Structure formats: structure tokens, C-alpha cells
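A.B. asks: Top to bottom, those sequences are chains A and B.
Everything in the first sequence is counted per this note's numbering, starting at 1 for the first residue and increasing by one.
Everything in the second sequence is counted per this note's numbering, starting at 1001 for the first residue and increasing by one.
Take the hints with a grain of salt, since some may be wrong.
[As the list claims (entries may be wrong)] Lysine to aspartate or glutamate pairs mimicking DMTMM-like chemistry, simulated, CA-CA at most 25 Å apart:
1. A:124 <-> B:1062
2. A:132 <-> B:1055
3. B:1271 <-> B:1228
4. B:1013 <-> B:1174
5. A:132 <-> B:1054
6. A:243 <-> B:1088
7. A:243 <-> B:1183
8. A:201 <-> B:1062
In case anyone wonders, no lab produced these hints; they're calculated from the structure.
Owing to the predicted nature of the structure, the values given are computational and were not obtained by experimental measurement.
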Amino acid sequence: MYDAFVVALAVFVGVAGHEMFGMSMLSRPIVVAPLAGLLMGDIQTGLIIGASLEAIFMGVVNIGISSTAEPALAAGLATAFAIKMGGNVDAVIPIVFPLAVLGLQLLNMIFSFVCGPMATNFLKLAKEGDEKGIVKLHYVIWFVHYGLYALIPFFAVLFGANVVMTVLDSIPPVIMNGLTVAGNLLPAVGMAMLLRMLWSKNLAVWFFFGAVVMAYFELPLIAIAAIGTIIAIVMAQRDLQLKGMQASPAQQGQATTVSGNQEEEDFFQ
Amino acid sequence: MKLTEGISKDEKKLVRKMFWRSMTMYASVNPVTMGGGGFSYSMMPFINHFYKNEEDRVAALERHTQYFSTTVPCASFIMGIAASMEKENSEKEGFDVESINAIKTSLMGPLAGIGDSLFWGVWRVVSAGLAINLANAGNVLAPIIFLIMFNVPNYLTRYYGGILGYSLGSKYIEKLYANGLIEILTKAASILGLIMVGAMTISMVKFNTTLSFSMKGEELMSVQEILDSIFKGIIPLLVTLGCFKLLDKKVGIIKIIFGIVALGIILSLLKIA
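Only chain B is shown next, with the shape it has when bound in the complex (with noise of 0.2 Å):
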């Protein structure tokens, strides 16, 4: 097959390893990482198969432990073109390892705007909507042929998306960082993924006050207005922004974590939110 072309022996095996794991992605899934943990479990093969020294493995697996959140299916995809990449790290003094996380960060966004709508929001439709004709019906093999329907090219683009990712990053990646064009790719990617975070925070951190100003009973002004009057989706920014302060300044994470309960049941008990 011309897909697997260059690929080792070895290499085909370890893909195919990292398919089977990244099946498991989201098992763990979780507000700080997402599908993290499930990424560097996806990854491990590849990692201790690329990296003999201790600290360059132990960086590796702390790169891929990220937060990394894409549709599943095309998750293997992501994971074949950073397995290239980590390759190429692993054989290149002076590969900028940066490059590694901005490309992840940003193919998730658009791969999962495709991955969601092509299998959530039409696939899984036609297959339970034949499904439930079955069952209607009394059969009671609708449910197993609902699975099937829908898992076959799940599975199908899972698998090929991985080969494909790690083929075409070995295929590039060198070429690419040989004439330095790695560089401009790396930007372009950071810009992307920049674009896809600041989007992101303004649709998934979500934050409403209920507070307004009211006179004799009768409401003046609500001070959710006047925020959205200054900048819609201020709160949101201003607290995605305070914990990246907070990082930055190496507060553990767990810390900040509670710190956004006890903010959360301190806003309601003084009827803030």
C-alpha cells in the first residue's frame, strides 16, 4: 500500500499500537486535561521506542499529558503527525520541540469542527435513524446494527487517519525543517491555535451575574449589561487569563481548581452569580 510507504516495519507496528490505545482517549476524561491523559497513554510506544535518554522521554511524555481535546476519530490522525514529529526531535540536535504542541493545538480545533459534524451530526443520525425503524419493528438486532453502522468507518478513520498522520509527517516534517520552513509552519500554527483558544474561552468558560442595581423595587440596570456593555464574555477572559497568571507563577493546579469552587459557592452565597 502506498500509504505505509517508508514506514519500517517497526514504525507500522507502533502505529498500529497507538491506534488500539487511542481508542481508550477520553476514558479519562477530565476539566484540566481532557483527552491528555489518554493522548500520552496513545503515545508511550512511540515515546520509549524514539527516546533512549531518560530526561528527553520524561519531556516527551510531559508534552503529551497536555490538554488535548479533539473528536476521537480523528484523534489518531493528530497523534501519528506529533509521533513524526517527536521521530524527528529524537534524531535532529536543535529541533524546536515548541513546534510539537502548536501543531497539536491547532489541527484539534478544525479537525474536531469536521470530526463532530460529520459523525455525531450526520452519521450517528442516518444509523439510529435506521435503528429505530428496526426496533419499532421488534427487531432485536437494531441495537448490534446500530453499532456496527456506525463503528465501522469510526474505526475505519481511526486507524487509516493514524497511518496517514504518521506518513505524512515523516514524508514533510524533515523536508520542512531542513529548509526552515518549520519555523513559519510553527507560527502559522500558534496563530491558529491562539484563534481557536480565545474562541473556545468565550464558548466553554462560561460566566452570567444575576446582580443589577435596583431602585424601589424596580430594576435599574443589570450588571450583566454593564459588562457586556465593556466586553462580552469579560469575566470569562479576565478568569482564563488569571489562571494563566497563575501557572505562570507555578500555583499547583489542584489549587487553582478548588480555588474556582470556593470562588463559584462564594458568588452564590453573596448572590453575585
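For reference, chain A alone in the conformation it holds in the complex (with noise of 0.2 Å):
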């Protein structure tokens, strides 16, 4: 019982803590598993976990919706395990990364369905102008995430992990297939949303470029943005020209009829 919940913590300092702090690495596993290592009294075997489960993450990074593996959990199941088989480090570390795949479709499940239906609160909030909802929101969501997060390594430490396997398994294929589909389309959603911003119908086939262009050539999303700063700054060269040719005529004008005033004059005299 003291073991599953100090790793709990372990797990929910590191997640948490990661976003709580301004993404600060809390959840990579060379913090994680020290920390739950120090707190089942084993912190030497903590750190060789820590050091090997890094060098196998290193190239791991959570970015919302959009990666392959949860480390956090690895890490901290990983430690328990091998302080529970006496230090036996080499035996666990082929388990963890079906963990850690496993942990990442967990957190994306309470992301899109506890997390998105309960952020829809705070487009309404804003509309009522009531802050100090959107603040408790704010943290609620929070915690809401990575407390059920952590209540995964809670009782896979008290059942053991074969446990958690066979309930996971129990689930019908079907159903967590059609979780994963649904949750790989709801990126839709915010996307809409930055479109309703930006939507304008002289502007809107800019849209469809971006679309074209990673759909077709695959580039990263930084060399988009490369492509798109230049089209904006010749678009934006343009419409100066543009401005400065509406002001010149203006002027054009105005001189003409400062010279036909002159005209007029020169014609009374």
C-alpha cells in the first residue's frame, strides 16, 4: 500500500509538476525514478533506472496529443519493480516500453474525454466574464488529468501489472479502437475554432495551401512557417504598393486642381 502510493506520487509530482511548472522536465524519467526510488528507500537503484530509461527516451516528447510513449509511468513502475525483485535493474527494462506506450493511450483517453468535454466550460465562463471560474477551471482540469493519471501506477503497484493488463484487456477491441479513432479526429475541433478567427472568405484559399502543401510535401511545420512568413511579407510589400499608388493619385489630384485654381486665377487677372 505504501509503495503503490508513493509511487503514485512520484508519478503525479512528475506529470503535474511538468505542467504546472512551465513545462520543466519534471516527468522525464531521470527525475521520476530517483524520486520514487527515494521514497521506497532504494534511491541508487532509482538513478541506474533514472540513466537508462533517459538514454531510452531521450528522443521522447510530449507535445498535447501527438507522440509515442509516456515516460513518466515507465519510469516510475519500472523503479518499483526492480526494487521489489532486490535492485534487479536488466529484468525490467524490456517491460517498460509497452508500458510507456501503454501510459501514453491512457493519458490521451483522459485527455479527449475528461479533459475536452470539461475545457468546454471555459469558452462559457469567458462569455459570463467570470474569472475566478476560469481560474478554478483552470486548475481543476489540472489536476483532474494527473490525479487519474496516477491512480494507473496506484493500483498497478498494488495488483501487480499483470492485473492491469487483463483488465485493459477486457475492454472490447472495438470500442478502444473506436476511442483512438475518435480521439485522433479531435484535433478537428480546435482547429475549427482557430478557423473561425481567421476565416474570411478573400483570405480562406490560404488554408487550403497550408492543407496542400503538408498533405503533398510532407515538410516539417517550421519550414511551413518559413514558407508562409514569406508569402505574408510579399502579400503585405503589395498591399503598401497598393496603398502608396491610392495616396499618390490623391495627391496627383489635388496638384491638378491647385493648378487649375492657378489657371482660374492667372485667367481673372
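Dock the two chains into a complex; use the hints.
C.D. replies: Spelled out as C-alpha cells, the structure:
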């Protein structure tokens, strides 16, 4: 019970602290594993696990929903199992990658189906001007998101990893697959909200431009940002020229009327 | 310091408040607004300071609760610019409020690109590499050294980014506005924003059908291939535009989300996806 609690705590401090303190990397294995080890009374095993997992997961960064694995859960569980097995680090390393992949799937489920619906209240509260409500919701979502996630290591350590896998396997694959399909489509809502802010009939074609470039050239986002910046600058330069041309006929017009007046004055003289 | 030139003491205090609040931007991360909740939380000190009128305050709050996503260390720079624009809006009649979100959206993509590769691609790997060596040698300070090494530049970027954004905004937004250049800038920002949203629609919204036409157990052609031959990413594009239409018709977001969940399960049951 104590072990289960402290491992859950280490994972919670990691993933929740990471988001709370400005993506501070608290959720990396190099932090979570020694922390779990410290709380379980064997920081050395924690350090070794942390170092090995950090090297394995070096390339894995959690950005919203797009990632392959969530290493904090893997680090917490690997440390717990290794310490329980008397410091056998090598035996737990092979099981952690599936754990991390599973962890990310579960985290994404919470993200999509708990945080998503809760977050729709942000817009409602903003419309009502309820600032306290927004602040409260901001922190409640944070706590629910990672609190729910920390329950996984808690029960995993309490019952052992096998039981957790059995429970997950008992969910019909059709439903799991459906939730994954839905999770992959959900970012469309965020994109649609951005479109509502930016869409205008004259400019909408640029949305399709971005889509075509991404779909067929598969460039990294930063490259598309660079291309977009160049296009935006060219368009701005053209607009500036147009503005200049609009301004100059007006000046010419003024000039002719002025000269016309002079002619009139000349005539009347 | 030159950076804070022309910014009053009150405003400096507000920027500092925003800096602390911006730490938590992704605490309420979610698929609907991403960091939108955190963004409006960070902007509140400014909103309350600039707007005395309830209606304007609510409008500003709504503006900043919209979808927002970028690399966190770079977020405060955009917040600083947005704050300076809110100030301009509170002082000038007829300010084009659309320009605020256009600038925000056009900045978030490029800054995310730079920030992701700099902080997560380079600096995190360097810090972790050092910490792994220390941990393997059994040094208990390894995690702490890792955190300090990664976070000092992280926090400095955030702090000075906020001040820089605000002072740049204060210096230039007014001039741009007076020259009528803000319209051109807003249009350019919207173009860049739309291109980024189009690209993100393809890269972030994902759909693959497993459906295929087969004859005598032999697969003739997969439907995904047919879809791809019409236009790659046609389904993500259509789903996004569908959501856009629904939002336009004032359908609630929560309904759309549950609609998508139901759609996913139905597609899975029908063995389409």
C-alpha cells in the first residue's frame, strides 16, 4: 500500500509538476525514477533506472496528443518493480516500453474524453465574464487530468502489472479502436475554432494552400511557417505598394486642382 | 535597462504577474482550447487593469480563452504582444480587435517550431546527457542538476520574452496603427495563420480507413488509396470544415466532441476504421 502510494505520488509530481511549472521536465525518467526510489528507500536503484530510461526515451517528448510514449509512468513502475525484485534492473527494462506506450494511450483517453468536455466550460465562463470560474477550472482540469493518471501506477503496483493488463484487455477492442479513431479526429475541433477567428472569404484559399503543402510535401511545420512568412511578407509589400498608389493619385488630383485654381486666377487677372 | 524603457512601474508589475501565471499555461491542456484556459488566466491582470467597462472586459476574456498552442517558454512573448494590443484597444476608439487573435495565431506556429527544436530538441538532450552520466556514477544530485540546467534558460526566456513582447508591442503597435499599417499587418498575419492551420489540420487530425474492396478474398483496392488519390488528407480536411460549419451554426462544442466520439465508435463497429 505504501509503495503503491509513493510510486503514484512520484508519477503525479512528475507529470503534473511538469505542466504546472512551465514544462520544467519534471516528468522525465531521470527525475521520476530517483524520486520514486528515494520514497521507497532505494535511491541508487532509482538513479540507475532513471539513467537507463532517460537514454531510451531521449527522443520522446510529450506535445499535446502527438507522441509515442509517456515515460513518467514507465519510470515509476520500472523503479517499483526493480526494487521489489531486489534491485534487478536488467529484468525490468524490456517491459517498460510497452508500459510507456500504454501509459500514453491512457493519458490521451483522459485528455480527450475527460479534459476535452470539461474545457468547453472555459468558453462559457469567459462569455459570462467569470474570471474566478476560469481560474478554478484551470486548476481543476490540471488536478483531474494527472490525478486520474496517477491512479494507474497506484493500482498497478498494488495489484501487480498482470492484473492491470487483464483489466485493459477485457475492454472490447472495437470500443478501444473507436476511441482511438475519435481521439485522432478530435484536434479538428481546435482547428475549427482557429478557423473561426481567421476565416474570411478573401483569405480562405490560404488555408487550403497550407493543407496541400502539408499533405503532398510533408514538410516540417517550421518549414511551412517559413514559407508562410515569406508569402505574408510578399503580400504585405504588395499591399503597401497599392496603398502608395492609392495615396499618390489623390496627391496628383490635389495638384491639378491647385494648378487649375492658378489658371483660373491667371485668367481672371 | 533598455528593454523596459517607456513601460510604467504598474505595467512592469503586470508583466511580472503574467510571467508567473504563464508557467501554468498547459496545466489545463485539453483538445478543445489546448493552452487557451492558461492563456486567459495569464492575461487577466492586464484585462482587469485596462478595461473598466464590463462589456469590454468580457470580450477580452473571450478573445484569450480561444485555442492557443505554442512552446511554453515562448508563450509569454506572445502574451506580452497581445497585452500591448489590448492596451491600445482600451485607449483607442475603433481598434480592430480581430488583429489581436490574428497576430497571436500567426506567431504561435513559428515560435513553436523554434522553441520545440531549441528547448526540447537541443537543450533538453544536452542537459539529460550530462545527468545520465552523473546518475550512472551514482550521484544523487543528477536529477537536480538536470532540472536546474534545463530550467534556468527556460525561465529566463519566459521572463525576458514577456517584457520584450510587451515593450515591442507598446513601441510599434501604436505607430503601425496610426499609419494604417496595422490592417496590412493583420492581413499578413491572417494569411500566415491560415496557412499554419491548414498544415496543422493535415498533420494533427488523423484518419485512416481499413475498408477495402475485395473479390474472392483478394484485395482489389483499399478505400484509403482511393481517398488518397482524390486528395491526401481529404477526411481530416472535411471533418475540420464540418466542425467549422457546425460552430458557425452555434452548435455547442461539447455536442461536437461527443458527436466525434460516437462517430469513432460507429466507424469502428462498422469496421470502416
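A.B. asks: Against this structure, judge whether each hint is valid.
C.D. replies: Evaluation of the provided hints:
This hinted pair checks out: residue 124 (chain A) and residue 1062 (chain B) have alpha carbons roughly 9 Å apart, not beyond 25 Å. Among the hinted pairs, residue 132 (chain A) with residue 1055 (chain B) is consistent with the structure: their alpha-carbon atoms are about 17 Å apart, no more than 25 Å. Our distance criterion of 25 Å between C-alpha atoms is met by residue 1271 (chain B) and residue 1228 (chain B), whose separation comes to about 19 Å. In summary, the hint linking residue 1013 (chain B) to residue 1174 (chain B) is supported, as the alpha carbons are separated by about 21 Å, within the 25 Å threshold.
Restraint check for residue 132 (chain A) and residue 1054 (chain B): the C-alpha separation of about 15 Å stays at or below 25 Å, so the hint holds. Distance restraint check for residue 243 (chain A) and residue 1088 (chain B): the Cα-Cα separation of roughly 23 Å lies within the 25 Å cut-off, and the hinted pair is therefore satisfied. Between residue 243 (chain A) and residue 1183 (chain B) the alpha-carbon distance is near 11 Å, which keeps this suggested pair within the 25 Å criterion. The hinted pair formed by residue 201 (chain A) and residue 1062 (chain B) meets the criterion: a straight-line CA distance of about 23 Å does not exceed 25 Å.
Hint compliance for this structure: no hint is broken.
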